[in-house]
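Protein chains in written order, with my numbering: chain L, 1 to 261; chain X, 1 to 261; chain D, 1 to 261; chain H, 1 to 261.
Hints are all accurate, no fakes.
Below, computed lysine-lysine pairings styled on PhoX-like, alpha-carbon distance capped at 20 Å:
| hint | chain 1 | residue 1 | chain 2 | residue 2 |
| --- | --- | --- | --- | --- |
| 1 | D | Lys185 | H | Lys3 |
| 2 | X | Lys185 | L | Lys3 |
| 3 | L | Lys4 | X | Lys185 |
| 4 | L | Lys74 | L | Lys30 |
| 5 | X | Lys4 | L | Lys185 |
| 6 | X | Lys3 | L | Lys185 |
| 7 | L | Lys33 | L | Lys19 |
| 8 | D | Lys142 | D | Lys7 |
| 9 | L | Lys83 | X | Lys83 |
For the record, the hints were derived by calculation from the structure and aren't laboratory data.
4 protein chains.
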Amino acid sequence: MGKKVGKNDIVTLLDDKGKTFLVPVCEDTKKFKGAGVINPKELIGLPYGSRFTVGTKPFWLLPSSLQDKLYGLKRRAQIILPKDIGQILVNCSIAPGQTVLEAGIGSGSLTIALASAVAPGGKVISYDTRQDFIDHASKNLKTAGLLDMVETHVQDVTQKIHHTNLDAIILDIPNPWDAVIHSWKALRVGGYLCTYSPLISQVENTVRAMEQQPFISIVTMETIQREMIVGEKGTRPSFHMLGHTGYLTFARKISEKREIQ
Amino acid sequence: MGKKVGKNDIVTLLDDKGKTFLVPVCEDTKKFKGAGVINPKELIGLPYGSRFTVGTKPFWLLPSSLQDKLYGLKRRAQIILPKDIGQILVNCSIAPGQTVLEAGIGSGSLTIALASAVAPGGKVISYDTRQDFIDHASKNLKTAGLLDMVETHVQDVTQKIHHTNLDAIILDIPNPWDAVIHSWKALRVGGYLCTYSPLISQVENTVRAMEQQPFISIVTMETIQREMIVGEKGTRPSFHMLGHTGYLTFARKISEKREIQ
Amino acid sequence: MGKKVGKNDIVTLLDDKGKTFLVPVCEDTKKFKGAGVINPKELIGLPYGSRFTVGTKPFWLLPSSLQDKLYGLKRRAQIILPKDIGQILVNCSIAPGQTVLEAGIGSGSLTIALASAVAPGGKVISYDTRQDFIDHASKNLKTAGLLDMVETHVQDVTQKIHHTNLDAIILDIPNPWDAVIHSWKALRVGGYLCTYSPLISQVENTVRAMEQQPFISIVTMETIQREMIVGEKGTRPSFHMLGHTGYLTFARKISEKREIQ
Amino acid sequence: MGKKVGKNDIVTLLDDKGKTFLVPVCEDTKKFKGAGVINPKELIGLPYGSRFTVGTKPFWLLPSSLQDKLYGLKRRAQIILPKDIGQILVNCSIAPGQTVLEAGIGSGSLTIALASAVAPGGKVISYDTRQDFIDHASKNLKTAGLLDMVETHVQDVTQKIHHTNLDAIILDIPNPWDAVIHSWKALRVGGYLCTYSPLISQVENTVRAMEQQPFISIVTMETIQREMIVGEKGTRPSFHMLGHTGYLTFARKISEKREIQ
Numbered sequence: 001m002g003k004k005v006g007k008n009d010i011v012t013l014l015d016d017k018g019k020t021f022l023v024p025v026c027e028d029t030k031k032f033k034g035a036g037v038i039n040p041k042e043l044i045g046l047p048y049g050s051r052f053t054v055g056t057k058p059f060w061l062l063p064s065s066l067q068d069k070l071y072g073l074k075r076r077a078q079i080i081l082p083k084d085i086g087q088i089l090v091n092c093s094i095a096p097g098q099t100v101l102e103a104g105i106g107s108g109s110l111t112i113a114l115a116s117a118v119a120p121g122g123k124v125i126s127y128d129t130r131q132d133f134i135d136h137a138s139k140n141l142k143t144a145g146l147l148d149m150v151e152t153h154v155q156d157v158t159q160k161i162h163h164t165n166l167d168a169i170i171l172d173i174p175n176p177w178d179a180v181i182h183s184w185k186a187l188r189v190g191g192y193l194c195t196y197s198p199l200i201s202q203v204e205n206t207v208r209a210m211e212q213q214p215f216i217s218i219v220t221m222e223t224i225q226r227e228m229i230v231g232e233k234g235t236r237p238s239f240h241m242l243g244h245t246g247y248l249t250f251a252r253k254i255s256e257k258r259e260i261q
Numbered sequence: 001m002g003k004k005v006g007k008n009d010i011v012t013l014l015d016d017k018g019k020t021f022l023v024p025v026c027e028d029t030k031k032f033k034g035a036g037v038i039n040p041k042e043l044i045g046l047p048y049g050s051r052f053t054v055g056t057k058p059f060w061l062l063p064s065s066l067q068d069k070l071y072g073l074k075r076r077a078q079i080i081l082p083k084d085i086g087q088i089l090v091n092c093s094i095a096p097g098q099t100v101l102e103a104g105i106g107s108g109s110l111t112i113a114l115a116s117a118v119a120p121g122g123k124v125i126s127y128d129t130r131q132d133f134i135d136h137a138s139k140n141l142k143t144a145g146l147l148d149m150v151e152t153h154v155q156d157v158t159q160k161i162h163h164t165n166l167d168a169i170i171l172d173i174p175n176p177w178d179a180v181i182h183s184w185k186a187l188r189v190g191g192y193l194c195t196y197s198p199l200i201s202q203v204e205n206t207v208r209a210m211e212q213q214p215f216i217s218i219v220t221m222e223t224i225q226r227e228m229i230v231g232e233k234g235t236r237p238s239f240h241m242l243g244h245t246g247y248l249t250f251a252r253k254i255s256e257k258r259e260i261q
Numbered sequence: 001m002g003k004k005v006g007k008n009d010i011v012t013l014l015d016d017k018g019k020t021f022l023v024p025v026c027e028d029t030k031k032f033k034g035a036g037v038i039n040p041k042e043l044i045g046l047p048y049g050s051r052f053t054v055g056t057k058p059f060w061l062l063p064s065s066l067q068d069k070l071y072g073l074k075r076r077a078q079i080i081l082p083k084d085i086g087q088i089l090v091n092c093s094i095a096p097g098q099t100v101l102e103a104g105i106g107s108g109s110l111t112i113a114l115a116s117a118v119a120p121g122g123k124v125i126s127y128d129t130r131q132d133f134i135d136h137a138s139k140n141l142k143t144a145g146l147l148d149m150v151e152t153h154v155q156d157v158t159q160k161i162h163h164t165n166l167d168a169i170i171l172d173i174p175n176p177w178d179a180v181i182h183s184w185k186a187l188r189v190g191g192y193l194c195t196y197s198p199l200i201s202q203v204e205n206t207v208r209a210m211e212q213q214p215f216i217s218i219v220t221m222e223t224i225q226r227e228m229i230v231g232e233k234g235t236r237p238s239f240h241m242l243g244h245t246g247y248l249t250f251a252r253k254i255s256e257k258r259e260i261q
Numbered sequence: 001m002g003k004k005v006g007k008n009d010i011v012t013l014l015d016d017k018g019k020t021f022l023v024p025v026c027e028d029t030k031k032f033k034g035a036g037v038i039n040p041k042e043l044i045g046l047p048y049g050s051r052f053t054v055g056t057k058p059f060w061l062l063p064s065s066l067q068d069k070l071y072g073l074k075r076r077a078q079i080i081l082p083k084d085i086g087q088i089l090v091n092c093s094i095a096p097g098q099t100v101l102e103a104g105i106g107s108g109s110l111t112i113a114l115a116s117a118v119a120p121g122g123k124v125i126s127y128d129t130r131q132d133f134i135d136h137a138s139k140n141l142k143t144a145g146l147l148d149m150v151e152t153h154v155q156d157v158t159q160k161i162h163h164t165n166l167d168a169i170i171l172d173i174p175n176p177w178d179a180v181i182h183s184w185k186a187l188r189v190g191g192y193l194c195t196y197s198p199l200i201s202q203v204e205n206t207v208r209a210m211e212q213q214p215f216i217s218i219v220t221m222e223t224i225q226r227e228m229i230v231g232e233k234g235t236r237p238s239f240h241m242l243g244h245t246g247y248l249t250f251a252r253k254i255s256e257k258r259e260i261q
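Bound-form chain L, shown alone (with noise of 0.2 Å):
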């Protein structure tokens, strides 16, 4: 006997070709769109794992994930993609328990992998400079059930981070060599800083502001990754490929100034 939609469940809608839908079951009947009109309180008590279908379009019935909640976020600003938040919460040593910052929110995808990871006890605090963003990134928090595990502020991070004792920042606006000041005050020590820049530029104006504090281990990655098909005929490598999102660079707060070596 599997388990069954319970009401207060987050449940995932995915169909044949892999699209994802996240449907809290809490909420009024409402078009989906590429899926159709659905009623969320008629998902309660199927089993998970079995069919459902909208229309004529089947799909399949899951427990809403992580990985879900990523890929059926509503897009609006670029976001940050599962390949590189797996490099940032190892990178960054993400741990539950944790209070971690992130500026800007985007539409939210990194914020939901950071609840995600420091749940329960830790927090989000994420900056961003534009309400509109956070109210978009709040709806998809919301749907992905995490919005409690997330404190946001219209706020600059360029400007001031008023937070500290953090234990990690991630970066994630066009000019992050601005917070790193305000970002070395707001770590603890052995705390992490992470930025993520589309631009070679951006990584060196960042890495020098980095070395100008006491960081250590500075380092700037680009993390590639490509599909392999297995297909009938035989395995190849995918022809479809992402050739760059953005490079990301990890500093590590000390309590002294960096000796010259």
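Chain L is already provided as a structure; the job is to place chains X, D and H on it using the hints.
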């Protein structure tokens, strides 16, 4: 006033070349290869983020992070690298509170990352056919302060999995296809199966086996990482790069047989 | 005083998006898809390097180069791209005066590059099982002014190669392993066999077949190319990138059986 | 009846690890580092494709190819690798009969490939500011039998290029942007300028300089190559891979100023 080393801490000593040493304060004086003889008790009360000298060699004193635990472990078998661990965490939707199974344990690098990610309330179950690998990995887990999160079994995952309702299963064994049926049974609906294999033929056999069972979203990917060097003269990709580690194949359990499309 | 278009020239018209049109001056007025109606005779006497307008659309007028011939050909089958052609030329040691064989002819892209590289005094022999492909490629070769360098045969390279003493053989066919023995016989000692295959299984079958014959220096490689965008805001890799074309396998003929090592 | 070693040949000795030794038969007995003492005259009359033993070490005896000349040269400076040479040949449309200029000469690897590609009737002009590099490269060119195709000049390409009507110019110098104007003047209309630079800032300065002159089709690319290992247990990408060599920037001369788009 910064945080100071406490008597129950696990301390990271980081040398100027980036080499990491994990020092549990509760342990006795011993020789750390590449660092020298250290009496962990001497660290108590020292401020984190400061310099500590062993003999004439200086180290940064830091609270140990997940990253330190990954880089500071003693390798015996080939380890799964952080770039791949990050993909596993995100694509298997690992979250606090989950119960996940891995096989084999290797040197415990993935074990450490999983244990850190599912704590508190979660559990890592680790199967390996060799007691000596379990013993070696357990030492690394103990040093990392994560031993109580992990349950080890000298057991062959291709013979049977006696655990059930698992959130995820990650297989780093030579013949993962032989464990696909057992994995399907042991997973909860919506749970993830992940395999890590260096060879194409392993990927092919695994995907074929997954396709025979009620799994969806079967996808194989390779992750490549390249460091960017920001030097005085300018910026360029690193000349040094790892050509290949392994392919990651992911699949997700559903409860009905997949229909022919 | 720059060079001017002569009556026997093949002219390149390059539009501002980089699209290339090859116009042999000797041909009659015709419609060039994407450019418009052009009477090639009007080009005679115009200075190379200047602008030429067809209707209202401006083009650069250039003497046609190998690159123009590759980008300007009319595609029917999937073509071998310049990045892979470059590897073939160098790793097969193609040089002026050589006699090289290729199969199949496809749209003639590799044929054009080989013909350009072995001229003068050399020859390209091209086998294809389909007359229509030979006809299509021959048109491209004629437009490129290289038709007299190429000898075509409606023949299956996996059945027999009746030419001998070849400097190189390049196979772009679905089952290159079936032509390995014939290739060995047809090559001169020290000559190169090269196969181009998208699938891993094709590579494996080919390498196994090569290993059975007196070939040495058997090596397979994949070449990936990424454009760098130098923009006003800064520099970054292109977001667009081809994930995969084909694997290139190279081998070199010796006259004795390879000894077991 | 196979071909035999003649008294004017350049012979390749290839050991079982793939190391290449170039032996001009006309030279005197000498010691080849890694091979042993060889009297080239002893090779005369031996059949190509057979085994030849120096002391107890076996070699394959082959007619020397372009590839052998590239792998067999004595390195002094960092060389341009075959993967990049292939791109240069195709993207600069190098063809027999052309006159091309390169600077600097380095160890002569690109020089060898260019000389092979433009022969017969063509010419390679090589500028270098250092006589010792020219001397070293000239020895490699002599061994490769290509010295008479190359004209060397101790001259700084950033000061002046006194040659004109060149088909292509390839710059492997620290500051290629300083030679862009001279290169434009020295090229024929439709000719190619190519620069090879490891650093992003070099690429940026070069592209900016090219954009100031009547050049079109300015494009920068990076070429990455990975070997595939087809082993007994299965196939996988090589663990060893070069992370970076240099970026290649290409541009093509037109005679009018590029119009703003």
